[in-house]
Amino acid sequence: MKKTINIPLGSQHISLLEPVRFKFECENEKIIGVDSDVGFVHRGVERACTTNFKYDGIGYVVARICGLCAITHSLSYTVAIEQLLGVEVSKKAKYLRILLLELDRIHSHMLCLSHTCENAGFEAMFMRIMGDRELIMEMQELLTGNRIQFDYISIGGVNRDVNLELAKKMLHTLEILKEKVLGYMDEFTNNWSLSLKFKGIGALSLDEAYQFNAIGPLARASGLKLDVRNEISYLPYKELGFMMQTHSDGDINARNIVRLNEILNSIEMCSNILLGIPEGEILTKSKGKPNGESLVRFEAPRGELMYYVKANGSAMLDRVRIKTPTFSCIPAFSHIFLGENYADAPAILASFDPCLSCTAK
Amino acid sequence: MKKIKVTLEILADEIAIFYDYKKWHFLTINGVSLGEDKLEVQWIFSQYEAMEDIIMFYAECSYKDVIPSIVNTVPSAIISQRELVDMFGVVVEGSEKGLYLDDDSKQAPLSGCSL
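Quick note, the sequences are listed as chains A and B, same order.
Sequential numbering from 2 applies to the first sequence in my numbering.
Sequential numbering from 111 applies to the second sequence in my numbering.
Isolated chain B, as found in the complex (with noise of 0.2 Å):
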């Protein structure tokens, strides 16, 4: 697995460069606590066809950053989205509390943040 870091600012148009849709699987979005304040945010890739070979780019951020969708470039990066800010408790671009958890729901069950 090759890590690349990204910063939230670059982050779109890093993925939008890399993302060769006939080339590249979306795995998926995941997201680790590092703590109190911060996380690291993975956005992760699989070649078709190739014996594992996986790209994961990954950015580490606050809990009160926005992080910046990826929708543009990956339409069904959009469910990962959802789930990042219902377990983290997050705000990412265009992407709505929800998919789990109740709509007003406080709680975040994976963040490291007390809300």
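Bound-form chain A, shown alone (with noise of 0.2 Å):
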């Protein structure tokens, strides 16, 4: 019988900034098993929603669930509301929508990659990306007010419109930004540190992604063509030239190749956004109490995000059920650490970009 020791990777570990817990057993450097705690911070948002909130406050609250992808979680949530009140939101509403949601996911992105590179032991990459990353962080903060925890989003619209010359001012970092993108994926394609290194580490095959239900970046990278912008109708992605992102390899380097293509089309998006705002108002006034039940789905950074909301026609809702993208790819999560290296643990781990703020919502 073959000698094996317990090693613990968290919950406080320089490789990870969140609040989870992974025990490996290993055989010397090999991991042959894997357990997660994930509960070290349960806020009780869900029942918060329910029992301290009303329906038109609640949009708020759900924002602050997580820093990163907060415009996700708030729209995910009025989106559902405005599905049972029957609110028809304008097209440059949409627009507007999109416009922040893609620029959040280019700064999670961002911040993903630079991790990564921190993992790789490539200091100067990180500062690169994390310095770049501050473009995008300005142009929220223009939009919105706020850098992260922006209140962007309202029942029937969004709060601030775009003057033409913020869109022209956004336009041209958009620019920059694309620029500097390519410089990384060349970074990312050809130096030993960030592309040989990871080339068949921590992977996940198709049939695995299917199996574990992966989603996100992460399938996409094993080349599971999951990607919910490709499947609701409530936002016009298809006409602003989304094109879902995939690899086959579905080992780091390949998340870290799909999230920097994914960069690079969020740009566009967003660059066509800002050159075809539509005219109309930003905010439809809603009327009324929501009644029934509605199932949103978005793509969150980190992959799909699903709200259900249950209304009884009182401003109290009866349910809202949060489904965080780094909650379903834990089983996933799981299974590839099994048969790597644990010296490669922390490097698989950082190109998973997990959310425990989602997470333990």
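Think of the hints as simulated: they come from the structure by calculation, not from any bench.
Keep in mind that this is a model prediction, so the values were computed, not measured.
Treat the hints with care, since some could be wrong.
Covered stretches of chain B, going by a simulated chain A footprint (3 or more residues, C-beta under 8 Å) [unchecked claim]:
1) 131-142
2) 172-186
3) 198-210
Under the rule of at most 25 Å between Cα atoms (straight-line distance), these lysine to any residue pairs were calculated in the SDA-like manner [claimed, not checked]:
4) A/Lys179 x A/Leu265
5) A/Lys226 x B/Glu159
6) B/Lys115 x A/Ser295
Using N, Cα and C, we set each Cβ at its ideal position, and we do this for glycine too.
Combine the two chains into a complex, taking the hints into account.
Next comes the structure, spelled out in structure tokens:
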């Protein structure tokens, strides 16, 4: 019988800034068993949504679940309520919603890529990407008034318009960012530390991605064509140039390349929006109270986010169910670690881009 | 969204017949409290590359019922089953407490009945 040892990673670890713990059972350097614990900071947001807040304030509550994808949370909830109220949102408001969603995706992917560089020991690249990420954070502040916790979404539309001067400034910034991202692509493709080192590490095959219901860049890097932007009609993604990005290798390198291609596609969509913002109101007034049940999905930076809302015709809701991307991916995460070297575990974990703030909502 | 009512007795078989893992994407398991004694449990799936094609199997049951596991058919459902156990204080076959709450916690934050 071979001797095995248990090695924990987390809940406090230098390569992982969020409270999750993986317990690895290792045989020499090889991981042969994985146990995960995500329950360190459960905040009871779902319960708070049905006991402490009225339906028209919950959009601002759920935005606090996560700093990185606040917009996706508040939008998912808001669209679920709009469906129950029968509110028709203007085309202009839909365009502005996509604009902020995609800006959010860009800076979230940049954060993940910078952490990947940090785990590869490439500190200079980490600093470079984090520095460039400020371009997006500044754009978000100009558009919404805040860098991250932007309460931009309202039931019926959005809270702020974009004027011509701001649109021109954002277009110029997106051009600068595109050049920088093409530079990253060169580094991630040709630099040994970021390409060869990560090839074949932490791989998930297409069949495994199906079996474990992988989502987001994790799934698409394995060739699974699942992007909620391709499967919803409540935002006009296709007319703005959305293209699903996939890869076939399923390893850390493939995840990096998928995220880089998604950033480039998001920049293109944002530019298309800013060049052709439709005329019209940004906010449609709603009447009545929500009644019935609705289920809405959006593509957050880490994958599919689902909101289920059940209402009873009063201001207080019966149920708000939030299914977050990282939560869904935990079985796939655990599977990927099996057979890998423990030394690669931090880099593999960073490539998942996990968000425990969302998971322990 | 299409809703299909099932009973707990036939649930695992119904999902085993329905679930083609390359066609259907497992979304999650959800619980909705229907008061002191009852809850509705939902098993939700969406079709890959289809426009808003969502199927929800649902069953009404008591908090004291043992809810069958679908892990044999959908391995990744284990995490949602454990969440259901924690949040509603119900028993799901093969799913232990302690994902979000402590293993011995007496709380069930979303349950409609007092434990």
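We went through each hint and held it up to the structure:
1. 131-142: Coverage by chain A holds here, the residue count being 8 at a Cβ distance below 8 Å.
2. 172-186: It holds: at least three residues are needed, and the region 172-186 of chain B offers 3 whose Cβ sits within less than 8 Å of chain A.
3. 198-210: Coverage by chain A holds here, the residue count being 3 at a Cβ distance below 8 Å.
4. A/Lys179 x A/Leu265: holds (7 Å)
5. A/Lys226 x B/Glu159: With a Cα-Cα distance of about 7 Å, the restraint between A/Lys226 and B/Glu159 holds, given a limit of 25 Å.
6. B/Lys115 x A/Ser295: Within the cut-off at roughly 17 Å; holds.
Every hint from the earlier list agrees with this structure, and none is contradicted.
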